Amino acid sequence: GAVVSQHPSWVICKSGTSVKIECRSLDFQATTMFWYRQFPKQSLMLMATSNEGSKATYEQGVEKDKFLINHASLTLSTLTVTSAHPEDSSFYICSAREASGRWSEQYFGPGTRLTVT
Amino acid sequence: TQLLEQSPQFLSIQEGENLTVYCNSSSVFSSLQWYRQEPGEGPVLLVTVVTGGEVKKLKRLTFQFGDARKDSSLHITAAQPGDTGLYLCAGEWQDRGSTLGRLYFGRGTQLTVWP
Numbered sequence: 001g002a003v004v005s006q007h008p009s010w011v012i013c014k015s016g017t018s019v020k021i022e023c024r025s026l027d028f029q030a031t032t033m034f035w036y037r038q039f040p041k042q043s044l045m046l047m048a049t050s051n052e053g054s055k056a057t058y059e060q061g062v063e064k065d066k067f068l069i070n071h072a073s074l075t076l077s078t079l080t081v082t083s084a085h086p087e088d089s090s091f092y093i094c095s096a097r098e099a100s101g102r103w104s105e106q107y108f109g110p111g112t113r114l115t116v117t
Numbered sequence: 001t002q003l004l005e006q007s008p009q010f011l012s013i014q015e016g017e018n019l020t021v022y023c024n025s026s027s028v029f030s031s032l033q034w035y036r037q038e039p040g041e042g043p044v045l046l047v048t049v050v051t052g053g054e055v056k057k058l059k060r061l062t063f064q065f066g067d068a069r070k071d072s073s074l075h076i077t078a079a080q081p082g083d084t085g086l087y088l089c090a091g092e093w094q095d096r097g098s099t100l101g102r103l104y105f106g107r108g109t110q111l112t113v114w115p
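In order, the protein sequence lines correspond to chains V and B.
Be aware that the first sequence starts at 1, since it is given in the numbering used here, and climbs by one per residue.
Be aware that the second sequence starts at 1, since it is given in the numbering used here, and climbs by one per residue.
Calculated directly from the structure, the hints in this document are not laboratory data.
Some hints here could point you the wrong way.
[What the hints assert, rightly or not] Partial pick of chain B residues on the chain V-facing surface, computed with a CB cut under 7 Å:
hint	residue
1	36
2	38
3	105
4	108
This one's a predicted model, so the numbers in the text were calculated from it and none came from an experiment.
Backbone N, C-alpha and C define an ideal beta-carbon position, used for all residues, glycine too.
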């Protein structure tokens, strides 16, 4: 089956620093990648939709200057949390959609736990 | 506002019991997916239902899509401790005027099955 990886799996950073999270589709090409955020015992909230080679589409209320998304290739998207603050601490999950698949057939990564101290 | 209402939010049962999780909406979805998520991991797709009235079975799990494609249910027979996890429903919906489709997730049902 399609595999999506994320790196790092967890990261601790100091307030004010920036953190980059990578999302890779390992065995398929992903024209679209999605970034979600999940708080403890809550559901996934879509942050942005990223299409290869174009600007990401952000959901209402998500600061695009704070959460920088780059989708430079068909197998890699990155999310950079700039000037992180403790309230940015969360579980960040990406998903990828196959280039030839139904748009809803998304494969999820294992997530990245971000803790901002 | 939540596009998909999932209930119950928490469910704690004994091994061997049956349970049903519901996912309801006033919107029509092209398809609906059910996921299971373990702590610290990403969601894993269990099933996709597409046709109104469709029923799919996955061992002890039975998934049903409403005739009007607005609601779905997940029924687990003879639950086991290994079924413990967060169950999420997600509806496929395309915003008006947008060429991009997306998934809308319900709040999730935290299931705990005690031995």
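Right, here's what the structure says about each hint:
Restraint check, residue 36/B versus chain V: the minimum CB separation of about 11 Å is more than 7 Å; hint violated. Because the beta carbon of residue 38/B sits about 10 Å from the nearest beta carbon in chain V, more than 7 Å, this interface hint is broken. Proximity of residue 105/B to chain V holds as hinted, the smallest CB-CB distance being about 5 Å (cut-off 7 Å). For residue 108/B, the shortest C-beta to C-beta distance to chain V is roughly 5 Å, which falls under 7 Å, so the interface hint holds.
Checked against the numbered hints above, the structure violates hints 1, 2; every other hint is satisfied.
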